[in-house]
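Numbering (the working numbering), first residue to last: 621 to 768.
Derived by calculation from the structure, the hints in this document are not laboratory data.
Be aware that a few hints might be false.
Claimed, not checked - Here are the computed distance ranges between Cβ atoms for each label pair:
(1) P656 x S629: 12 to 20 angstroms
(2) V761 x E737: 17 to 25 angstroms
(3) G671 x L733: 23 to 31 angstroms
Claimed, not checked - Below, computed lysine to aspartate or glutamate pairings styled on EDC-like, alpha-carbon distance capped at 16 angstroms:
(4) K664 x E737
(5) K633 x E686
(6) K646 x E684
(7) K646 x E634
(8) K626 x E684
(9) K664 x E634
(10) K646 x D660
(11) K633 x D674
(12) K626 x E686
(13) K646 x E630
Using N, Cα and C, we set each Cβ at its ideal position, and we do this for glycine too.
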Amino acid sequence: MEHAAKLLSERQKECLRLVGQGLRSKEIGPILGLAPGSVDTYIKAAVARLGVSDRRVAARILSEFELSQRLGSPPEQLPSPVEAEADEVQREPQGFWRETLKLPPIGGHPNRLSSKERLLAMLRVACVMTGFSAGFILLFVGALHALS
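Work the whole structure out from these sequences, hints included.
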């Protein structure tokens, strides 16, 4: 990993450092003066160059490499990507609505749901959308009655 970390461009390293701080591409872009799509391009290239499957793992590799360079010791062994992804899923903050409605995750994580779980998630989303649609229709009809 040490050799791969040396192969990263400075822009890729800047992006990965900010990923390591928990920022998303939309938040990294303004900091570095880049479009979010450009940030994603730099990060994807760095992930490919490091041979990992996740941007957070790549950020952790870079962080540990840079720390070892400052301390003059070899980087410690990283957990396997499966363990790292399990840790990330546990640390993912849950919003009120996602927790209440048990909506499926949106982006950023591989979809590991079974067919049954996917179907239930689609039904939950359909029910939520039906509820919101009914609410908007009632508001619209109420507004029409108030105006007439």
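Now for the hints, and whether the structure bears them out:
| no. | hint | in the structure |
| --- | --- | --- |
| 1 | P656 x S629: 12 to 20 angstroms | 18 angstroms, holds |
| 2 | V761 x E737: 17 to 25 angstroms | 36 angstroms, violated |
| 3 | G671 x L733: 23 to 31 angstroms | 27 angstroms, holds |
| 4 | K664 x E737 | 29 angstroms, violated |
| 5 | K633 x E686 | 10 angstroms, holds |
| 6 | K646 x E684 | 25 angstroms, violated |
| 7 | K646 x E634 | 14 angstroms, holds |
| 8 | K626 x E684 | 13 angstroms, holds |
| 9 | K664 x E634 | 13 angstroms, holds |
| 10 | K646 x D660 | 9 angstroms, holds |
| 11 | K633 x D674 | 15 angstroms, holds |
| 12 | K626 x E686 | 10 angstroms, holds |
| 13 | K646 x E630 | 19 angstroms, violated |
When each numbered hint is compared with the structure, violations occur for hints 2, 4, 6 and 13.
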